[in-house]
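> So the sequences go chain by chain: C and B.
Per numbering that gives the first Met the number 0, residue 0 is the first one in the first sequence, and the count goes up by one each step.
Per numbering that gives the first Met the number 0, residue 0 is the first one in the second sequence, and the count goes up by one each step.
Treat the hints with caution; some may be incorrect.
Intra- or inter-copy, both count: the list cannot distinguish identical chains.
Taking lysine-lysine and the DSSO-like style, the derived pairs with C-alpha atoms no more than 30 Å apart in a straight line are [to be verified]:
#, residue 1, residue 2
1, K236, K203
2, K179, K61
3, K333, K260
4, K260, K236
5, K179, K342
These aren't lab readings, by the way, just hints derived from the structure by calculation.
This is what each chain is made of:
Protein chains: 2
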Amino acid sequence: MSGAEASTTRRHLPVAFALLLIAILVTGHGRASLGIAAASSQPERIPSGDPLPSWHDGPSKKAIVDFVARVTRAGGPDFVAPPARIATFDNDGTLWAEQPVYVQFAFALDRVKALAPQHPDWRNRAPFKAVLDGDMKALAASGEQGIVEVMAAAHAGNTTDEFATIVSEWIATARHPTRKTAYTDMVYQPMLEVLAYLRANGFKTYIVSGGGVEFMRPWTERVYGIPPEQVIGSRIKVRHELRNGQPVLLRLPEVDLVDDKAGKVVGIHQVIGRRPVAAFGNSDGDFEMLEWTTSGSGPRLGVIVHHTDADREWAYDRASHIGQLTRGLDEAPKRGWVVVVMKQEWRVIFRSDGK
Amino acid sequence: MSGAEASTTRRHLPVAFALLLIAILVTGHGRASLGIAAASSQPERIPSGDPLPSWHDGPSKKAIVDFVARVTRAGGPDFVAPPARIATFDNDGTLWAEQPVYVQFAFALDRVKALAPQHPDWRNRAPFKAVLDGDMKALAASGEQGIVEVMAAAHAGNTTDEFATIVSEWIATARHPTRKTAYTDMVYQPMLEVLAYLRANGFKTYIVSGGGVEFMRPWTERVYGIPPEQVIGSRIKVRHELRNGQPVLLRLPEVDLVDDKAGKVVGIHQVIGRRPVAAFGNSDGDFEMLEWTTSGSGPRLGVIVHHTDADREWAYDRASHIGQLTRGLDEAPKRGWVVVVMKQEWRVIFRSDGK
């Protein structure tokens, strides 16, 4: 990459995301430095006929079930016609685990390692040397420009079809650094039940994530039952080209949408074109999505998953560098949003726990 | 609008669209100058059990029915699983009429007239004076900048909710300049049948139009059975704001996507995230969409509606300033695309004809 190209890339790439990653790295939350307690694997008995068997009876389960009953009661005051039953879900920290680092960041590091043989100069060149050495402190020291170079190298320069294959192959084999399990087994069983429960009641379920849309689409249908066209995420620009007479879309190192905070509302508007009636998140990056959803007229449901279980998962909120949750906790009561206290309300955490 | 703002607006607004409109105007295709023959209103008998009763038995109907039979035959070599049954449709000229001018351009002119009382200076200021005087030659003479100013005034500056209401009210009352019928009655009955037929066979039907997505979404569900989230179109940028504590999306005079030609492939990728198996268009603006669709592996269907009926609709192709069709006609045979000869293959044209 020339100096001019690097400058252009830096200008366009998601600065907020890069800064977040730097914060993670410089505070020592590199993945080698983070431990996690062994997960409990004692699934409780599942009451038959219960649509949310992994949820303890409690305020959150009651709020979700009551909401669904109200909007589906034909002739009732809160009835919502099926086409308007749109529910949106954040991904990282809401549908699957986001600790110790976003899964997509782990992918980026692995991707740089996989590409290294084609780039012998990376062996002695920052920031790639830091990635290849597994030296997170040195990567952090390379600053925003370094992170951006890593993310660009990992995500751009191939076609959309090629990238989908790369993601599919990675997600099939990659393992969580401490749990040593597939990332797709670290999806939350209680949330899988909410997805299925809503769909059984005529809802269309969407992912609305700050993560890259093309990083999610290859596996969301299999893992969540959510097809590609119901996945909204951050995206980079693409360029239509012909290669040997065949059209391809080439992925460019330029950001097209940062689907986080107010960007989630923009993404929802662009892709769905109407306001959801229910939204689920876990961090302040989801605040505007919940606000947008619950400020519409008629019945609305806003839900925040609060990570409170340091034994079975992780406990984090206001001080966390990933999934920071401050304003959501402060304002949930007055806005009528449901806060799921994970430790008390979830019988099991991960899909893999129930196996 | 200040000079600097006008400059910014001009830089960002859809130049291709503006140039197209100029071409329409300068060549005298103003709506006052275009006539149309009265449509036949003698619907033929509909054979019972025929999913496409407004289609004569002919090569296009056979190709469509054969394709659907092949992809839905469980265990057959061309079976396509239901989630992958994605079909995309251009709107202007494919699902509804686009002559003598795009419906959205008629909307823009009416919108300027509706806004004029709030802008007394428009009475004597180009390009608005030309619109208010109904002087299409003068509007054309105002050039690209003039057209862009008209389109920006008509489309930006309000919230997405406000704009949806404006469109809904306009489409309910506006009438086609020569047929004097609602635009939503000038949708093609044979294509409504194709939409319903595909959906009955497990397809998800999408609109992929060069027109503005927010101009279509308020009425596509009612008219075509296509919900807002299955409408892809050109879009302008929006900005998230709070007004009296309530979130709104403000429509800005900056283009975000021109969903035409290769832009249709980009729009499909952004919103759907997988390749359609069938695509329907009518102009060279649809070429790349059909190419993208039919160059995937497995069974594929590409269809071009050829406007050949000067009596019942309009006849136009290579020389037309709207819906120009040259490359599509030239390459359809070798690419295996179906060309619908409207005059010979459609028993009726408009939905209103069958009433």
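> Run every hint past the structure and note whether it holds.
Hints, verified against the model:
no.: 1; hint: K236 x K203; result: both (27 Å within a copy, 26 Å between copies)
no.: 2; hint: K179 x K61; result: neither (34 Å within a copy, 55 Å between copies)
no.: 3; hint: K333 x K260; result: within (20 Å within a copy, 48 Å between copies)
no.: 4; hint: K260 x K236; result: both (20 Å within a copy, 16 Å between copies)
no.: 5; hint: K179 x K342; result: within (22 Å within a copy, 65 Å between copies)
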